[in-house]
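Below, each chain spelled out in residue letters.
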Amino acid sequence: MVKYSIFTIARNALTSHKNWPKQWRSPEPKSSYDVIIIGGGGHGLATAYYLAKEHGMRNIAVLEKGWLGGGNTARNTTIVRSNYLWDESAAIYEKSLQLWEGLAQDINYNVMLSQRGVLNLAHSLGDVREGVRRVNANRLNGVDAEWLDAEGVKDFCPIINISKTARHPVLGATLQRRGGVARHDSVAWGYARAADALGVDIIQNCEVTGIKREGGKVTGVETTRGDIAAKKIGVVAAGHSSVIAEMAGIRLPVTSHPLQALVSEPIKPVIDCVVMSGAVHVYVSQSDKGELVMGAGIDSFNSYAQRGSFHVIEHQLGACLELFPIFSRVRMMRSWGGIVDTCPDASPILSGTSVEGLYFNCGWGTGGFKATPGSGWCFAYTLANDAPHPLNAPFSLSRFESGALIDEHGAAGVAH
Amino acid sequence: MTQAFRTTSGGRIDRKKAITFTFNGKPYIGYEGDTLASALLANGVHLLGRSFKYHRPRGIVAAGAEEPNSMVQLGEGATTEPNIRATQISLYDGLTASSVNVWPNVEFDISAINGLFAKIMTAGFYNKTFMWPRSMWMKLYEPVIRRAAGWGKAPTQQDPDIYDHMHLHVEVMIVGGGPAGLMAALAAGRAGARVLLVDEQSEFGGSLLSRKRQIGAKDEAGWIAEMVAELEAMPDVTLLSRSTAFGYYDHNYLCVLEQKTDHLPAAERVGKVRQRVWHVRAGQVVLATGAHERPLVFADNDRPGIMLAGSVQTYVNRYGVLPGKKMALFTNNDAAYEAAIDLQAAGGDVVAIIDCRSEVSGELVDAARALDIEILAGHAITGTCGGKRVESVEVRAIQKGAKVYTSAARQIKCDLVAMSGGWSPVVHLFSQSQGQLEYDEEKACFLPGTPRQAQQVAGALAGEFTLKDCLAGGYKAGADAARATGFTPKRKPAAPEIDEPDLSGIEPFWIVPGSRPIGEGMAKHFVDLQNDTTAADIELAVREGFESVEHIKRYTLTGFGTDQGKTSNINALAILSGILDKPIPKVGTTTFRPPYTPVSYGALAGRNLGDWSDPVRVTSIHDWHVENGALFENVGQWKRPWYFPKAGETMQDALNRECLAVRSGVGVLDASTLGKIDIRGPDAAEFLNRIYTNAWAKLGIGRVRYGLMCHEDGMVFDDGTTARLAEDRFLMTTTTGGAAGVLDWLEEYLQTEWPELKVYCNSVTEQWATVSIAGPKAGAVLKKLAPDMDLSQENFPFLSFKEGVVAGIDARVFRISFTGELTYEINVPWTCGRVLWEAVMEAGAEFDITPYGTESMHILRAEKGFIIVGQETDGTTTPQDLGMDWIVSKKKPDFIGKRSFTRSDTARADRKQLVGLLTDKPDDVLPEGAQLVFIPHSPKPMPMAGHVTSSYYSATLGRSIALALVKGGHDRMGQKIFAPLEGKTVTAEIVDPVFYDKEGERLNG
Amino acid sequence: MAETPWITPAAIAETFPEGLKELPPRAQVNLRGSVTDSAFTDAVKAGTGIALPDTPNKTAAGTDFKALWLSPDEWLLVGEGEAASLVQKLEAALSGQHVAVNDVSANRTIFELSGPHSHPALMKSSEFDFHPRVFAPGDCVQTLIAKSQAIVEQTGETAFHIYVRSSFSRYVGAWLAEALAEYSVAE
Amino acid sequence: MLNIDCPWCGKRHETEFRYGGEAHIARPEDPAKLDDAEWAEFLFMRTNTKGYFAERWLHSHGCRRWFNVIRHTVTHEIVGSYKMGEKPPKLPKSAGGAK
Ligand SMILES: Cc1cc2nc3c(=O)[nH]c(=O)nc-3n(C[C@H](O)[C@H](O)[C@H](O)COP(=O)(O)OP(=O)(O)OC[C@H]3O[C@@H](n4cnc5c(N)ncnc54)[C@H](O)[C@@H]3O)c2cc1C
Ligand SMILES: NC(=O)c1ccc[n+]([C@@H]2O[C@H](COP(=O)([O-])OP(=O)(O)OC[C@H]3O[C@@H](n4cnc5c(N)ncnc54)[C@H](O)[C@@H]3O)[C@@H](O)[C@H]2O)c1
Ligand SMILES: Cc1cc2nc3c(=O)[nH]c(=O)nc-3n(C[C@H](O)[C@H](O)[C@H](O)COP(=O)(O)O)c2cc1C
Ligand SMILES: [Zn+2]
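Residue numbers (the UniProt record's numbering), protein chains in the order written: chain D, 1 to 416; chain F, 1 to 1005; chain U, 1 to 187; chain B, 1 to 99.
Among these hints, one or two may not hold up.
[Unchecked claim] Each computed BS3-like pair below joins lysine-lysine, with the alpha-carbon atoms no more than 27 Å apart:
1. B/K90 - B/K11
2. D/K18 - F/K586
3. D/K95 - F/K139
Just so you know, these hints were derived from the structure itself, not from any lab.
Isolated chain D (complex conformation) (with noise of 0.2 Å):
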């Protein structure tokens, strides 16, 4: 892999630009591999680079039916935070934290990871509550927090209105300074290059079709460039993962759901931070392009469209000018969606199933980009060793027969 640094720009200007290679390969699929991963998103791409860093494993494949990065991966806010309110969440994303914080270094690549700080916003009484509990549990946790009262907003944001008689008044705010948000296609770019140079082969263009099953444990998959073998198979597929799990013939406690987002004209920096509030569906930072990011409430229904019905993001534009009057006059320049895939608890499963060799991570619902790292990291331990790391063990599928449910739909209303 060749190193980059602006040294090796300066250097590739001076023959303008002709000489660099391949961020990854386009290879051929081969007819087997120890490990396939199904699905080219971060977290695919992600379990597939620490598979092969931290478990020595190279004969994995990624397979992608589209281009890589391009579902969820491609359309979120790129919000990134750790403080989730119960034990079991905050650790796993408490770690994916520690591994961003490394990560532009660890995988050479500028992720753009902008530590500029996350305020979740309270606007009731209750809102209020569940902020300070959510700020003690994350304190107790070793999770940076801060709990914020209105005037602290202020300071901290000085664009909010925090007028007393607002609609829905600000009444403080859960600060996470390392909290922020980063490039979400340099994660993919990135993941996929680091894992790309240790031997994984991406297979763009590549969708796969069928679970091929031999006495209950899987064999390979059927896909639209042929039939390939796997021992294992992580699915990592996002809003498809209940397509891929009927497959297999499982089924899974998971819906999917549009999500919409959309983002301004770029304009000059106006806000430094990153405001979210549930209770009235605003998720807004600005990129460093300029433009402001936001990010809807997710639409009711079940789809695999990508797109949502256009109320709801006039909806969430209302809550946006209540909170920050002076976007009047800016105009919205695109607005997309994605698909996400839910689960009744609003938190993520990665778990092995009642097929010997098929494991899913899915589930991540309305805020999976933050846990991309995390995520990767744990489902690589998962499928290597083919038992669940301690910080993922809690969100087996078996949890749903339980009860041992990890509800973080209280703290976190739209889990961006």
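Given chain D, work out where chains F, U and B with the ligands should sit, using these hints.
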């Protein structure tokens, strides 16, 4: 000298109405009918801005929505707006505008120094660098990048303007008011359909406004006027100009932004709606959105003065402006020749037509020749010179298939370059509606394939590039749409005679090499002007493994700008197709997404701001609370009095006073917000048995019972009291926030699971205002108001109700209690709420009756250990966790939630259970949300044992109290537990959650 | 019975533009029962003179009351008479049947929207199609007015009664007033 | 914004409705007889079909009726709606863009 580039006559501007405006601080004059772009060009201003990365000088390229450059900061102060395209701004008196993202000014922009680093700032360079040293990313690199990014500035003040929404249903909606759209509207309108015709421009006519055409007996202007007049006369036809259909959603739902006042001088805007979003549900949609011209990609094709040929024609014909006096035309098609002919006719000078096709012929070519214009067939522009305006072009003969052109160069002086690479139908809305595109080799463009919604396409969008075809196609589309929605179209009018040259010859030419290979040397072949994406960037991306058109977009930022690549996307993918050696359709397009052009947040929010962003619900007693100084708490959509401070009181003072009044005298609470559901039918009791965890069959008529509801997962989700009004009739109350959800849920079970149950549910929440009087003196107050009511313990015991007259109003009085004190909840019709409240206040005056709010209510109930759903519960709490096993029937075979209680985790003994906490120091009030541990001061992560759900200072008890959920708490009474807070750790004892009057003696007063 | 003040205080009602007013409270009774059961419909007809409409979104008039279709087994009876006596009469006539009769006179506030701007004001407020081709006098519909559930009944060429939950009446009243405001600004 | 056909009121905008998820998931007759896995199947496991999907909607701001709709989860095409207890309409042959 002003308006040096204005023609002497012609155009659709009103030369009698001069308009003054300011650009970059300098005053100018234009005419009514101008856009800011045309007025600036009339004044010879070409330099409008700087480019994104390299800060190269940039000017106006197009004349409409497709414009990639020329974004300005429009207006000042509270009404300033960033990034508005000069080509889309109708000129008005007093307009001010300035260039964006330049410093100190557009003429001399410091950041142009970036140009020196252009070699380094290739696509994706930021992924490869700024990583060392790690700490510098946040400290230096990112802040610098951020400061450099972005175009204009958001206002810093509140927007004074009004926006709103309209909802419209029509049989036929037509997007695009060019010749095709007008004809479609005519056909549908004459057939009798309800029609909506929208066009983003200031007037209807589309491209006809820019071209000279004889249509039958009329010229183009006359024809447009006649069409519009007929349409305006039809009552069910709505015509909206300045209205952009920006989104085409599922089920023929379209959104249109109407700009109602943006073209008016400030004084004329006052009080009017500025922008309106129309939400349209259409039976059929006719898309007649026309076509955008494509630039050619050649070396240094970005200098101010290099424009699209069709736009030059627009400026000349529509605005009476010569964008330049010496024009070189660079084209690969016949149609562009018209621009040369029109410019020459208007007094400009065409210095050469450079045509990359080796053979040229046809009507327009002949016409150009007849004007003595030099035509250089088989030639290309291989470079341009100039600083803030193009000064000359370098022209070379083409060698077919060559990567560089080595033939001798000829410099041609000019102040305007018109270019045309052909036409791209405006397929945006068609694609948004999920239609697939098909590539047409002959026309060298993507055309709509089979529509996926109830839809027709017409005109240039459909590949009908002649006016004759547009008129016929438009009419047919309108007629078909009308027919499909149940109307009978009138007979088609006879086709008019049209005088139109043949425009059809085109030979695609996606990239024009220069004298050096692409990417070498200093020349740049811009593909996306707004994002400074060059052909070399696309090559580099492919070299680095980015092959999908979607990757190219994201790596090079092509089509990522405010214009969303209207002029660049097709060129980019065609260049990509060349590099990959794949046919264009195989490469495919990126996804078209709303909005077609940017839409202000204000317009999208409409009037749903402030108190309208979410309805405010108030009780009929609300005004009294306001008049008496209540502070309010939002509970769901409701405003509830939180507490009633008196002058000089702190919040705690007020709460102490309110609570003590209830414990020792009498307090009064507005409880109208609780949900109320009338449940009636022979199976009503059986239904409640299935819904609630406890048993209901035996509840006597006239009696009241408390109930808990769980979801199927066994977790508590609502509670309240329910009274039996008759054998077959109950009145259920729910929590304030839960009312709507509970009713939906009841209906769900009745309608989908148990349709055999004969039960009707009706919401009567607002039928009844509820005034709750509580305290030892409550009886005395009620006695005064309802002298005829028997309030004796035997005849009116706890958990029963009575009907009667209170304060002269027919009322129902319930004896229930959330405070532990003797309490009467008086229900009267909503409209009588305030009358009753005032009567109660008057009757209670002698007992010093004290209104109290939700906060005191919370304290009072916590003293009694009563839960609040949503506070003691969070969706993970069972009745057993709350210590409320007593309310869970062991006898009923089934009820909702029962099965889940025995799941292994739900049945665990050490679940978090509701307990009381008494802090060691009575003055320590734990924060609600404090986490609890059994072992203090252990290293993080600390094993947590639970958290504080409610916590107050209790004036009654003279100390703090708290409720908490604690692991295995029910078996830990008397044990110590710790709350590690920031800076201190508070110790408390685990106790029974009932702090006050454990025996319940006070209930009876 | 004490005097029943209107929900909207006079001070607010005075700010309503022409074309909008809150009506004095009217008797409203919610009736549920099976429209396919002639015992039910006959009894209602005998008691009120109303042939209950079984076509969605239609109203039917009786002697003192009219019925608004709300759902397949639900009607709102509205009139100038006494709600309590109507309830009594119906309860008596329907005794033994599976029905529900509820006095809901206070449950909803009624606004009247009338005049040349009533259609556009509705178009600003509701996604329902109120065009005369689709909706005419005598029709009623349950839909949203702004973000509040409402029953809209057309009472004349350009006149509508809008029934909203009383707790929403401030919100809806102010909304409609604002929707009409534009039309009093000189063009 | 979906245009949903209430079997009683006719076509109305999606905002008048509440979504109820997958249709035809009957509450077990006797939950006590089910083991934890079977109960979890009822509580949580969903088909989440990509293609034509039977789902429930509540006309919450209209007639307050729950009913079923067949809708394609990729194209959002609505094939038809039917009342509780009625048979679903026939599905079109083409998968309408499924997969
Ligand atoms: C609008 C929006 C905003 C969001 N905001 C945030 C946020 O702010 N913060 C946050 O943390 N999270 C956010 N999320 C969630 C986050 O995007 C996802 O949880 C995360 O990206 C999931 O990553 P992934 O790699 O699992 O999935 P994806 O990136 O979706 O990757 C799954 C891949 O599987 C492929 N695939 C599917 N089926 C097959 C098949 N049969 N064969 C081969 N390949 C297949 C898909 O093509 C896709 O590329 C948001 C999501 C959306 C939609
Ligand atoms: N090869 C050529 O020379 C060539 C190519 C294209 C078009 N033409 C000529 O152009 C004319 C085409 O007529 P037409 O009616 O098809 O198109 P048109 O360009 O005349 O009209 C389309 C109209 O739609 C408007 N529009 C586009 N998108 C919109 C949206 N989202 N919302 C609102 N308005 C929108 C445009 O502003 C424009 O006014 C014909 O006269 C044809 O001869 C010639
Ligand atoms: C954080 C973020 C920032 C984005 N910024 C832009 C942008 O500046 N311009 C743009 O056109 N699209 C932007 N997009 C949206 C993408 O163009 C695209 O819509 C998204 O990746 C979904 O893909 P699709 O629309 O092709 O389906 C952004 C997306 C994300 C997630
Ligand atoms: Zn209905």
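ask   = Which earlier hints turn out false for this structure, listed by number in ascending order?
value = none
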